[in-house]
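Peer 1: So you can see what is in the structure, the chains are spelled out below.
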Amino acid sequence: MRFPSVENNPELQTSAQASKLRDDPKFAATKMAIFQYTAVAIFLFLVTGFWELQIKNPEIYNERAERNRIKELPIVAPRGKILDRDGRVIVDNHSTWSLILSRENLKTEHLHEIADGLHLDYDDLLRKVRRYSKRPKYEPIIIKEELTPADMAFVASHQDPETFPEMETIESQRRLYPENGVLANVIGYTGEISESELDLPEYAKYNQGQIIGKTGIEKQYNDTLLGVDGERQSVVDNRGREREVLGVKPAIPGKNLKVSIDLDLQVVAELALQGHKGAVVALNPQNGEVLAMASQPTFDPNKFAVRIKGSDWKELTSDPGNPLLNRAIQAQWAPGSTFKPIVGLAGLESGSIDEDTVFHCAGGASFYGHFYKCLEVHGAVTLHRGIVASCDAYFYGVGNKTGIDNIAFYAHQVGYGAKSGIDLPSEATGIVPSPEWQMRNYRQKWYLGQTISVSIGQGQTTVTPLQMARAIGGIAIGGVWHTPHLLLSATGKEKPHEWALNPDNVKRIVSGMYGVVNEGGTGVRAKIPNIDVCGKTGTAQVASAEYEATHKGVKDNSWFVAYAPCYKPEIVVSVLWENSGVQGAIAAPTVRDVMKAYFDKKEREAEAEADRSKKNPASALVSALVPGSVPSDKATR
Amino acid sequence: MFQNAGVKDFDWTMFFVTLIICGLGVLQIFSATHDTVWQGSWWKQLLFIAAGIFLMWLAANIDYHAMMRQVYPLYIVSVVLLVTVLVIGKRTFGSTRWIALPAGIHLQVSEFAKIAIILLVARLLTELDTEVLTLRDLLKLGGIILLPMALIAKEPDLGTALTYIPILAIGVFLAGMPWKYWMSIGIAIAIIVPVGYASLHAYQRARIVSFLDPERDPQGTGYQLIQSKIAVGAGGTWGKGVTKGSQTQLRFLPVPHTDFIFSAFAEEHGFIGVMVTMLLYFVLLMQIVQNAQTAPDRAGMYICMGVGALLLFHILVNVGMVVGRMPVTGIPLPLMSYGGSSIWSTFLMLGLVNSVRVRRFVN
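Protein chains in written order, with the working numbering: chain E, 1 to 637; chain P, 638 to 1000.
Hints were generated in silico from the structure; no laboratory data involved. A few of these clues could be false.
[Stated by the list, open to error] Pairs of lysine to any residue residues, derived as SDA-like cross-links and limited to a Cα-Cα distance of at most 20 Å, are as follows:
| # | chain 1 | residue 1 | chain 2 | residue 2 |
| --- | --- | --- | --- | --- |
| 1 | E | 71 | P | 888 |
| 2 | E | 56 | P | 912 |
| 3 | E | 31 | P | 814 |
| 4 | E | 31 | P | 775 |
| 5 | E | 31 | P | 819 |
[To be verified] Where chain P lies over chain E, by a calculated footprint (3+ residues, C-beta under 8 Å):
| # | region |
| --- | --- |
| 6 | 28 to 35 |
| 7 | 290 to 298 |
[To be verified] Residues of chain E clear of chain P, computed beta-carbon distances all greater than 12 Å:
| # | residue |
| --- | --- |
| 8 | 155 |
| 9 | 320 |
| 10 | 380 |
We put the beta carbon where it would ideally sit given N, CA and C, even for glycine.
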């Protein structure tokens, strides 16, 4: 086959000589070889690139491909519920949506708009993101919980890869606390583990971002209440859309916690305390169960249920009423006259007085060249009347005769000056002053005049409302002081503190406290028909009388502690009203209300039990013969 | 002008290598798009290839001298079309590169203008009076090439514009140029590069920065490079298998059927697949160079070498980008990447090479 010759194209051959030159295709042979070598070099350059990625370190890239592909989303385990002794729910959960930021595709410049869209504080958010910077990238940051429908709409419309692909929602459980701060100081609240906590060894088991109990029961029993978070592993595409679920590790919910609190009593206590500053504690002296514990002013833990806003936190911490304080275990005040039964007991037990020992009250009494006042002129006073009328002069005499060492010894026996051991964090110890204590803390000698002040529960003596209830309850049952506790299943687990008291001496003190309520004593307003209530009022100076008179807001604290029934105590209640400026008697009705609630409920339950027995005589018979064999509310307690 | 070329003289080696590469491309397009909105792409690509083979046959049968005679009209038409693109072109991904034709076909004019440039460079170099290039020749060549380049860069499509440089470079290199010109060009580049960098679009600058340090902004400009490297590396020696590459299938890899097709291919076929394909490309290139060596005249030689240099540049930039050794430029891998314009222009160029080949026994 012939092909047309180039010579036929005159246009390309301007001259014969040029044509000769131009038509020599071999003229650039070397240069073409150079091109070939260049091609070889370029191909080697490219192939080594593949060698580097595919042969030398494929694992690195394989892992990164897996990380791209597989997404792990936490399934937040619900915390255990907190139930009262009858199984009624105190703290519940409800499910909500939380927003997390996936840090693998997080862009800091998005944060401003995200913060705006979700009504978050930009600086807070930025700080949070920075805090996470040292953590592995795949750990997401929860930035908002309890998403509102508006938040959800914002997320849904901005989640796409072009806008804010870092936003993801997960379902989680939120804590739901009682309204109006009921039990708030006892239950406490949860919150995200803080930086400082993370540094502590006891928090080492928790992870950043985890929600843990911060105070109260939530903190004390955090490990019980805390569940184990699950995880959902799935294959996602570049838009984060789930293509395939690889596996789901379900969350293990936290265990429910039954506390000894009786909501019926608790509500009465809270209501009685409303508008005051103070605390109410109700214990079963026979086993240490805390039946009610209230503290006012209080706070709304629901504000903490998510992450508390900076402004709310500031408001709480700067409130002069100190609502975060659980006054039942943390308020330490002079016990005032409520200390007198213990001084009397010390006198009797140490043998320095007997029930007929008389001290004279001339509106006070003189000791060591100083006149100590009493409220009234009581004349010749013995133990019973001394307690009933709360005669200071009588107890000055008892204290003086008994001596500070004996008083301190018995004060320690009833549990003052030491933590009661209740299962709540941050309990206060109070103070039992003694020469030894004074020397240790102040490097000062004890002055005998101090003993006189301590005899009526003043001086440096301080106790907490919980200690007071425990002390009086323990005396009432003859010298057994159970460790107060909130965990219902802990009942009977801990050995109580025992100090064998002379039953006669106990009877003498009890009879005095009976008189306080039933014989026209200072606590007459605590009287309940058909129930023998024993108690003791106390009005404790916060500062000197002169100081209190001239300073507004510094007023006497009112105390009232009582138990019932007198000779077979089931419940002991202590009440503190801070700065009430009135006699301790004013707190007596609160005690009465709580006790009445207790006995009314007991009666109701007995009636219900009787009704049931009538309907089912066989089981009534069994229950009569074998106590506790019939499932009833009582039996489950 | 039109003659049926000899079947025997046709470069069958080149043809079959081309078809195998195209076949691998179709397979990869299928794998990368099978459950996406582009899932019909693989058979469209087959149609493009079929049409491309026809265009190649056509070009092989036209005497390249005849085409060179028509090169000025061709050049003018190309420039006019490039201007048209800028005026009425179809805008996609932030740049205007396509002219919409009826039947839903979008032509990327810059791909076809390459052919005119190859022919024009060949003709101008053939018409030289002197043994070496004069400054006048050089300026003339430069000016002629710079006009379409500027138009393409304006689209903006810097990557494609840059592909015109190797056509000129190989021509000038083969024609011979005094060393002082080379030096002057070197100095000129040293001055122009910083100035040029300053005048680049922000996205173009970001691409260069991210190429140098992709981990700096893994979600932004470095994303494509990182994801491509991950895909390639994850492929390992044997690859993950067709439709099994997670980077490709879950779309972490951007445009896995066009610009990043070789990355997807490397993930699913591994180092072995890469080696085979690279070998095929190398054979293709060497066939083209061989055709240049046996060309009947300088014009044919220039045409073949222009095509060879252009393909080599495409491979270097595209595959280099896939392994993270070149910046992201958005130019396709010839014969594998999905797209009619790229396929057709490549087949046309290979047709030109064949046109030279079948006319090698002139005298």
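Peer 1: Hint by hint, say whether it matches the structure.
Peer 2: Quick rundown of the hints versus the structure:
1. 71/E <-> 888/P: holds, 15 Å
2. 56/E <-> 912/P: Distance of about 15 Å is within 20 Å: holds.
3. 31/E <-> 814/P: OK: residue 31/E and residue 814/P at ~12 Å, within 20 Å.
4. 31/E <-> 775/P: holds, 19 Å
5. 31/E <-> 819/P: holds, 15 Å
6. 28 to 35: holds (count 5)
7. 290 to 298: violated (count 0)
8. 155: Nearest chain P Cβ is 19 Å from residue 155/E, so the label holds.
9. 320: holds, 50 Å
10. 380: holds, 91 Å
Of the hints listed earlier, the one the structure fails to meet is number 7.
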